[in-house]
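Engineer: Okay, here's what each chain looks like letter by letter:
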Amino acid sequence: MDKVLGIVDGIEFTIGDSILELSYLVAALLFVFGLKLLSHPETARRGNLWAAGGMGLAMLTTLLLHKDGNGSGIPLTNVWIILAAIGVGSAIGWIVARKVKMTAMPQLVSIYNATGGAASMLVALLEYPNAIAGDIGSILVTVLGLIIGTIAFSGSIIAFAKLDGRVGDIMKPFMTYINLVLLIVTLGLGVYIVISPNPPAEMIWAIYTLLALALIYGIMFVMPIGGADMPVVISLLNSLTGIAAAMAGFIYNNQAMILGGILVGAAGMILTMLMCKAMNRSLLNVIIGAFGGGGAAGPGGEQGTIKEITLSDASVLLSYSQKVVVIPGYGLAVAQAQHIAHELDALLESKGVEVKYAIHPVAGRMPGHMNVLLAEADVPYEQLVEMDDINPDMSNVDVAIVVGANDVVNPAAYDDPSSPIYGMPIIDAHLAKNIIIMKRGMGKGYAGIENFLFFNEKTRMLFGDAKSSITKLVNEIKNM
Amino acid sequence: MEQILTFFFEYKEAIFIIALSIFVGIEVISNVPSVLHTPLMSGANAISGVIIIGGIILVGHADLSKFSLNLVLGILALIFGTLNVVGGFAVTDRMLEMFKKKKK
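From first to last, the protein sequence lines stand for chains U and W.
For the first sequence, counting from 1, position 302 maps to 302 in the working numbering; every step adds exactly one.
One rule links them: number in the working numbering = place in the second sequence (from 1) + 1000.
Hints are supplied without guarantee of correctness; some may be wrong.
With a cut-off of at most 30 Å between alpha-carbon atoms, the simulated DSS-like pairs for lysine-lysine come out as follows [unchecked claim]:
1. W:1012 <-> U:67
2. U:101 <-> W:1012
3. W:1066 <-> U:36
Computed footprint of chain U on chain W, listed as stretches where at least three residues anywhere in the stretch have a Cβ under 8 Å from a Cβ of chain U [stated by the list, open to error]:
4. 1027-1037
5. 1050-1063
Chain W is faced by these chain U residues, among others (derived, beta-carbon under 7 Å) [stated by the list, open to error]:
6. 78
7. 94
8. 95
9. 262
10. 422
11. 425
I should point out that these hints are in silico values taken from the structure, not numbers from a laboratory.
A virtual CB, placed ideally from N, CA and C, is assigned to each residue, including glycine.
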């Protein structure tokens, strides 16, 4: 392994050095293939394992073959410490990943994202003193890694707290300005550190101030963002963690880190854009966050009457339908009604009713949230239909059941230009022959916008907690 | 202008890698069905744990002869990175397993 093979740029390299770089190439390719396979249902699981294999390989060869600037490898004592740390992290990570409830998936994704951001933050912080004064390139990537990693860290923690219901949305109009100022100050200090000719040892105060500023900015940036916008924010934070890891890759001139990080950054960005598109809003609009209010008060006044439906009427209606579409939203997750919903659809299917679930891309609190929930309840994958595929068929649907969803079925998106959600693609529940809406009360949806679907003459309301409503409905149908 | 050109020349390989990786990332996950959004996100999240390599290098060459805050922070970075990697891949696998058994 220590046999010198040749000299590049005046530095000798050995067999070990070459194998290390080769393993990074393999790891990077495994990341690419893994991600590619992850984006197709049949191959997704294999893709995840390939990417994990790439990571394992890169970790192993780094441990065995990495050398510092003086050409010495990692001493045995350090190897043991590293293995111990990895052991601790693996045990916790594994147990939590296996034990956590599927309904808590958005929280878990946020927490793991926070840990990735924290790791990038710490690596950048610790590597900064080793930078050479005046080496703009390496100081730039260190500072960027620190800022981005820190924002991803504190932002994800807040996202977790919000998803877990520990922190509410705090949105004051002046916060937009505070955030803007904070961002400018943070970036300004970053630029100052990068261009300063002082040696890093004299700039430690600045780097810690930068750390504090970025921590605060991350908190302030996620704090005002509302629940309905969570899918956008989570994928954005995910993207940031990738970029932060890539920046650290530059510090070590490590191509596997650079490629892996940028890959995740780009993929997360695409997902973010997809989510924005599904809400017909720009990313800037989500971040600045001006949801709620606006057209909410809008037409006001007379909206027609709300008509309720009894459980027995609802069960008769459902039992004698041919096509039923369930439109789930965050309310389904809150009520944990996914299992009972599946019981309902199985019961109806046994009576010859065709039941589908119509999934809006931003239903829930993270991209694909509803799919994960329903998969947990064993709803067959074929029964889940995407918005664009179900809409053309919506007028043939006998009953559309809206469970805990609101804005994603609000026809104001079509016909009320003053509405904040005007132009947002929705599931066309209003085209169904009958509409049953399960809701806890007459509260407005997340966005605080009046939903005219409730006043539609085809609509019947079934008030109550989604889980208990569906449970009662199932019993009613069974006893028919 | 000269400074920008110098910067570009000095870091040309890195800039090439960035440009091409962005393209690959976009290309690889475009047209992903929404059913896979969550697993894709958490799988990608696990890949961003590649920062753990940095943690290994950091702690690997740390001076153990004396106790320092930096060593503690380095070990913390390693633990965080591992959490991200192991937890991320494990939870993605669990989700996908769930999707799989649904197939009739």
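Engineer: Would you mind marking each hint as holding or not holding in the structure?
Structural biologist: Tested hints:
| no. | hint | verdict |
| --- | --- | --- |
| 1 | W:1012 <-> U:67 | 24 Å, holds |
| 2 | U:101 <-> W:1012 | 46 Å, violated |
| 3 | W:1066 <-> U:36 | 46 Å, violated |
| 4 | 1027-1037 | holds (count 10) |
| 5 | 1050-1063 | holds (count 13) |
| 6 | 78 | 5 Å, holds |
| 7 | 94 | 5 Å, holds |
| 8 | 95 | 9 Å, violated |
| 9 | 262 | 4 Å, holds |
| 10 | 422 | 23 Å, violated |
| 11 | 425 | 12 Å, violated |
Consistency with the previously given hints fails for numbers 2, 3, 8, 10 and 11, ordered from lowest to highest.
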